[in-house]
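Protein chains in written order, with the working numbering: chain A, -7 to 228; chain B, 97 to 897.
Honestly, the hints are just simulated from the structure, not real lab data. Glycine is no exception: its CB is placed at the ideal position from the N, C-alpha and C atoms. A couple of the hints might just be wrong.
Stated by the list, open to error - If you anchor each label on the Cβ, the simulated ranges turn out as follows:
| hint | chain 1 | residue 1 | chain 2 | residue 2 | range |
| --- | --- | --- | --- | --- | --- |
| 1 | B | Gly398 | A | Gln189 | 53 to 59 Å |
| 2 | A | Ser217 | B | Thr479 | 34 to 40 Å |
| 3 | A | Ser217 | B | Arg273 | 24 to 30 Å |
| 4 | A | Leu174 | B | Pro693 | 26 to 32 Å |
| 5 | B | Arg532 | A | Glu64 | 52 to 58 Å |
| 6 | A | Ser217 | B | Arg532 | 29 to 35 Å |
| 7 | A | Gly57 | B | Arg532 | 51 to 57 Å |
| 8 | B | Asp385 | A | Asn216 | 39 to 45 Å |
| 9 | B | Asp527 | A | Asp66 | 45 to 51 Å |
| 10 | A | Leu174 | B | Ser690 | 24 to 30 Å |
| 11 | B | Arg364 | A | Asn216 | 29 to 35 Å |
| 12 | A | Arg163 | B | Arg532 | 29 to 35 Å |
As the list claims (entries may be wrong) - Below, computed lysine-lysine pairings styled on DSS-like, alpha-carbon distance capped at 25 Å:
| hint | chain 1 | residue 1 | chain 2 | residue 2 |
| --- | --- | --- | --- | --- |
| 13 | B | Lys892 | B | Lys679 |
| 14 | A | Lys168 | B | Lys602 |
| 15 | B | Lys602 | B | Lys630 |
| 16 | B | Lys492 | B | Lys478 |
| 17 | B | Lys630 | A | Lys168 |
| 18 | B | Lys492 | B | Lys476 |
| 19 | A | Lys19 | B | Lys492 |
| 20 | B | Lys892 | B | Lys557 |
| 21 | B | Lys892 | B | Lys564 |
Said to hold, decoys possible - Where chain A lies over chain B, by a calculated footprint (3+ residues, C-beta under 8 Å):
| hint | segment |
| --- | --- |
| 22 | 494 to 502 |
| 23 | 514 to 523 |
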Amino acid sequence: MKSAVDCDISIVITAHREGLLSAPCGKSALLAKQAAEAEGLRCQTIVVLDRADELTSSVLHELFGEGAVYLETDEGDPGQSRNRGVEQASGTCVSFLDGDDLWSENWLVESYRCYLERPDVVYHPACLMRFGDERLLFWHVDSECRLCDPEYLLWSNYWDAMSFAEASIFRKYPFKANDLALGFGHEDWHWSAWTLQDGVQHKPVAETIHFKRGRPGSQMSQVNSIGGVSWPVSRP
Amino acid sequence: MAPQDSSQGGAAESVSSEKRSNPDDQITGRSGSKLRYFPRDALRHIRKAIRRGLVPIVGSPGAGDDARLFFERQLFRGPGKGVDFNPLDLSSHDFEFGAAEVEDLASSFDADFYLESYPDVAASGINPFWHFIFKGRGEGRFPSADCAAVKNDKTQPLESLNIIDQIRPHFDENFYRAENKDLDKDLTDLVWHYVEFGVAEGRNPTSEFDTSFYLATYPDVAASGVNPFWHFIFKGHEEGRYPTSDLAGMGANKARTEKTLNVVEQIRPHFDEVFYKAQNEDLGDEFDDLVRHYVELGVAEGRNPTSEFDTAFYLETYRDIALGDTNPFLHYLLHGRQEGRQPNRTAHYRGWPFMVSCENEELISEMVTGDLASKAALEKIKTFCQSDRMNELVAKAAALEPDVGVIDKHVDSYCAPWLDQDFFFLRQCIDKIPSRPYTSVILMPAGRMGGADLVAAILAKALATEEKVIILRTDDSHWDRPEWYPETVISVDISDQMNSVTDSSKLLYSLLCHIGARDIFNVNSRRAFETYLKFGSRLTYQFRLYAYYFCADRTEDGLEVGYPVWFFANIFPNLTCAFTDTKNLSLELVERFSIPPAQRARVRSLYTPAVLDVPSEPIAARQLRKEGDRRPCVLWAGRLDRQKRFDLVVEVAAAMPNIDFRCWGKAVLDAPPNLDAMTRNLEINGPFDTYQELPLEDCDGFFYTAAWDGLPTILIELGALGMPVAASAVGGVPELIDETTGWLFADQAGADAAVSALRQMLSDPDERVRRATALQQRVRNRHSMALYREEILAVKQGRSS
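Pulled out of the complex, with its shape left as it was, chain A reads as follows:
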C-alpha cells in the first residue's frame, strides 16, 4: 500500500544488519533531504528493514522517528529489498541508499534537476568514493557517449545501484534476486545491463558523490568471494 503523501522524491534506505553504521547513513540522507526541501522539493523516507537486527532498526527509528515509513521484510536480498521499497514509494522519483553508505548532501537536489531535463534516464553520482576496507574513487560514465562500451557489461558493471530515477522505471524493471548458489549475484549489474539493453540510458550527475562503505561480510563481499557474475539478460 502506498503512503498517502504524494511527493517528488521517495528516499528508499535499505538496511540489514549495519548496526551503528546506519547512523551516518541516515544522517547523510537527512542532510540531502533537507537540502532538497530547501529547494521546495517534497520528500518521503522509506526505511526497508530486511531481516534487520534490533540495533539497526533502533538506530534508524531513533534518527527518523515519525518522519519515515518503515517496512519490515524477509527477503535477504538487496534487490528485493529495494523492490519492496519502490512498491511503497509515493514519490515521482525514487533514490536508493544502502544502510551503511552516505550521499553527498547535494545528491537529491542535483539529481532532480537532471531529472527535470531528461526524465527517462537513470541517474548516478558522478563519483563513488569507496571507503572502509579500501579507498578509491570510481567515476560513473554516461551511457550516451563513447566512453561507455556496452560490451563491458558482459565483464563487469558500470553503475552502482544507488541511483535516482523516475519511480516508473524501477517499477518496470524490478531488481532480480541474487542466486549465490548458482553463482549469480550483483543485482545492480544485471539491472544496468537489462535497462540499457532496453534503451534506458544511464548518466552521472555532475559534482555528486556517494560514499560506499566496503566491509567484510557485506553482500558485495559475499558475491565477490564466490566469483559471482551477473544474471544473463537473455538466454538463447
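Fit chain B to the known structure of chain A by using the hints.
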C-alpha cells in the same frame, strides 16, 4: 588429407612443415577492427618492457603500417639512458628516444629472416618488428641470423629467457621465498619473477647479492639495462665488483664511498641546484657540491632536490624505500616512476584521474575523438576531481563518518572500463567474432593435425549442415589444416587473449555469453574444461554443454592422466552429454563412477567417421596383384613415443629378418627412442602428411602397436581403404579390429604375440583380402558421416540413438 598422428589424446604436436594460412585474415580483415586495441596492447608491453629494464624502440623496418604509425605516435624514452628527461613531468608521461637508436635497432633487425624463421608470426599478420620487440625476444626468438648464431654465447644475454636459464643455478629460491612473503604462494618460477619484476622492485636473488646496491654502485650496469645478478655472475665477479656492501669486507668503506659518488652522479642531471640553494638558505656558500650535500645530508634533513620531488613525503609514503638505504630521489628516477609511485603529495591530480593514466590517455583520446559528449564528460570529471567543491562535499560526509577521510595521494581513481586491463582482452575477442548469431560453438585448443583435431573438424562438418558454427581456438593459433573444415564454419583464434588475461575462464565465459550459441562443444581444450568447471552451472543455465573425451594418457608409472581423469566427474553434472570415441571409454567411465542407469544416456560413444572414401575394391586385393618379387613388407606409422611402442616394432623386426618394416613418424611427446638396436630390415622415415605418401599398395599389411589407446583414426582410414591390419588389442582397437577384420595381439605378451599375429597375416593372402574386406564393410557401416550426423542430431534433440 590425413591426420598426422594416430592418437586422439590431444597432446600430439603437429609435425607438418607446411606453411599455414590464417583464416582469420579472411574472416576479420587484417587491417580492420581486429587492430582496434593495438595501441593499448603495445602500451602494456611497453610498460612491461620498462619494468624489465629494456629500452623501448621506435620505428619498424618490417611490413605493415599499423606498427609504424603507432610507434611514430609514441614518443618513447627510457630512463637512465642519458637523454634529458624530466621524471617529474607527470602530466605528459611521454617517452622519447633518439633517431640514432632507431637506426641502430632497425638496421639490426632482419624482417625477412624473422618471418621466414617464425611462420606463426608470418601467418598472424603482426608486424614482425613489433612482434620481436614485445613478444619474440621474451620468447627467445632472434632478430637476425647473426643473433641466432651467437645464441649460445653466454656473455650475451639476448633475452630474458636466456637470463633466467643462466642465473637459475645461482639463484636461492628458499631465500627469495622467505624474504618476499608478499609474493603469491602459487608463483612457481621465482627466477622468472626476479628477472621480470624483482630487479625493478629491489629484491635480492640470494643473501649474498644486493640488487639495489649493485645497481646504485655500478651505474654502468644500471644504464645498460642488463640484469644485475647476471652481470655479477658472468662479468662483475671477474671485474672485482662487489655483490653487497657487507661482503665487500675491507672494501666496504670504499664501496660506500663509490656508491655515494655514483648516486651523486646519477642524480646530478636531474637535480635543480637553483631551487636547492633558494630553498636552503641556511647552507650559505659552505658547500661546493649541493648534489653531494643532498645525497649525504639533505635526505636525512628532509630537503628536496627539485620543486617536484618531496623527499620526506616519498620516504613517509613508501616505507620499503625508507627501510632500505637507497637514495629516495634516485629510487624514484630508476624505479619509482615506472612503478607508479608519486613524487609528491599533489602529483596525483596533475594528470588524468584514471588509474594507469599514462597508458589510458592515448586510448581514451583515440576512442573519444570527435565525440563532444565524451570530451565534455571527461572535462567534468577532471574539473570536479581537482575542485574545492569536491573536497567540501567529502569533508561534510567525513563530518558524519570520519572514516570517509579525505582524498589524498592514497586514493586511486578508476573509471570503467579503463580500470580493467582484462576487459580489453574480451573486447579484442569480441571484435574478432563476425556476424552473429551462431547456433553452436566448438572449443578446441588449436587447429593442429592430431586425431582430436580431426574429430573437431568432423564435428564441425556434421553440425554445419544445418547450423551456423563457430570454432574458438583457445590455446594457440595453429590452423594447420583449413581444408579439413567446412568453408561455412568460422574459426577464430583467441589464444593470445586467453594467454594474456588474468582469468581465462571468465574471459571464455563472457565471450560465450556474447556469442550466445545454444550448444557448446569442447573438443580437448583444457581452458574450456576449466571454464566448464568454474562456470558450469552458470553456463548450463544458458546453454547446453557437451564435452568430448578421448583415451587417457599414462605416466611412466602406468597411472592414467588426462582430461577423462581431471575433468569428467567434476563437470559431468553440467553436461548435456559427454562424448567418447569408443564404447570402451564410455564403459570405463560408467563403471569407474558408477553412473546410474538413468544418467548413462549422457555418456555417448560416437564412432569417428572415416574421411577417406571407401573404395569398392580393398587395397589388399591390389597388393596381391602388385606383389611381384619384392620381399614381404608391413607398414607402421605413428609417433615414436612411449605410448606407441616403437620398441616393440624394433624387437619384432629383429625377430622377423625376412620381413621389411617400413615406418613413418617421429618422437613428439617423449625423447626419441634409441635406434641402436634397429636391424637392416627396419626403415624409419619422417612424418607423413597424406596417405598418398605411403606405399599402401606395395606392402602386405599394416602393423599397429600401442601400450594404450582409444580408436586411432589411422586404423579407421586404413580400414576404409581395405588394408590388412595386425594391431595391439588395447583400448577401443578391438571394437574395430577383431579376428574377422584383422589380427589382434596382446601388447603385454611381448614380441612373440605380435610376431605370431604378423606371421598369420602374412602367410595367407586370401585371408588378408577376406578380413580387409570385412574391415572395410565395418568402417562403411559404423564410421560413416551420415551415421555420425544422425547421432549428433539425436543427442541435440534428446533422442536415443
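Taking 25 Å as the top limit, are the C-alpha atoms of Lys892 of chain B and Lys557 of chain B close enough? holds (15 Å)
- Query: Falls inside 51 to 57 Å, the C-beta gap from Gly57 of chain A to Arg532 of chain B?
  - Reply: About 56 Å separates the Cβ atoms of Gly57 of chain A and Arg532 of chain B, which means 51 to 57 Å holds.
**Request:** With a C-beta cutoff of 8 Å, work out whether three or more residues of the segment 494 to 502 of chain B approach chain A closely enough for the coverage to hold.
**Result:** holds (count 5)
*Given a hinted range of 45 to 51 Å, is it respected by the beta-carbon distance of Asp527 of chain B and Asp66 of chain A?*
Holds, since Asp527 of chain B and Asp66 of chain A (Cβ atoms, about 46 Å apart) stay within the stated range.
Given hint Lys478 of chain B paired with Lys492 of chain B - CA-CA distance at most 25 Å: holds (21 Å)
- So does Arg532 of chain B sit 52 to 58 Å from Glu64 of chain A, Cβ to Cβ? The hinted range 52 to 58 Å is violated for Arg532 of chain B and Glu64 of chain A, with Cβ atoms some 46 Å apart.
| message | Run the distance test for Lys168 of chain A versus Lys602 of chain B: straight-line Cα separation, threshold 25 Å. | response | holds (22 Å)
Note to self: Between the alpha carbons of Lys892 of chain B and Lys679 of chain B, is the straight-line distance 25 Å or under?
What the structure shows: The given pair, whose Cα atoms are some 20 Å apart, holds under the 25 Å limit.
Q: State, for the Cβ atoms of Leu174 of chain A and Pro693 of chain B, whether the hinted interval 26 to 32 Å holds or is violated.
A: Once the Cβ atoms are compared, 28 Å apart, the range 26 to 32 Å for Pro693 of chain B and Leu174 of chain A holds.
Worksheet item: Honestly, do Gly398 of chain B and Gln189 of chain A meet the 53 to 59 Å range at C-beta?
Response: holds (56 Å)
message = The hint says 34 to 40 Å between Ser217 of chain A and Thr479 of chain B; measuring C-beta to C-beta, is that right?
response = holds (37 Å)
Just to be sure I understand the hint, the distance between the Cβ atoms of Asp385 of chain B and Asn216 of chain A should be within 39 to 45 Å; is that true here?
Since Asp385 of chain B and Asn216 of chain A have Cβ atoms about 54 Å apart, the given range 39 to 45 Å is violated.
Hints 5, 8 and 11 from the earlier list are contradicted by this structure; the remaining hints agree with it.
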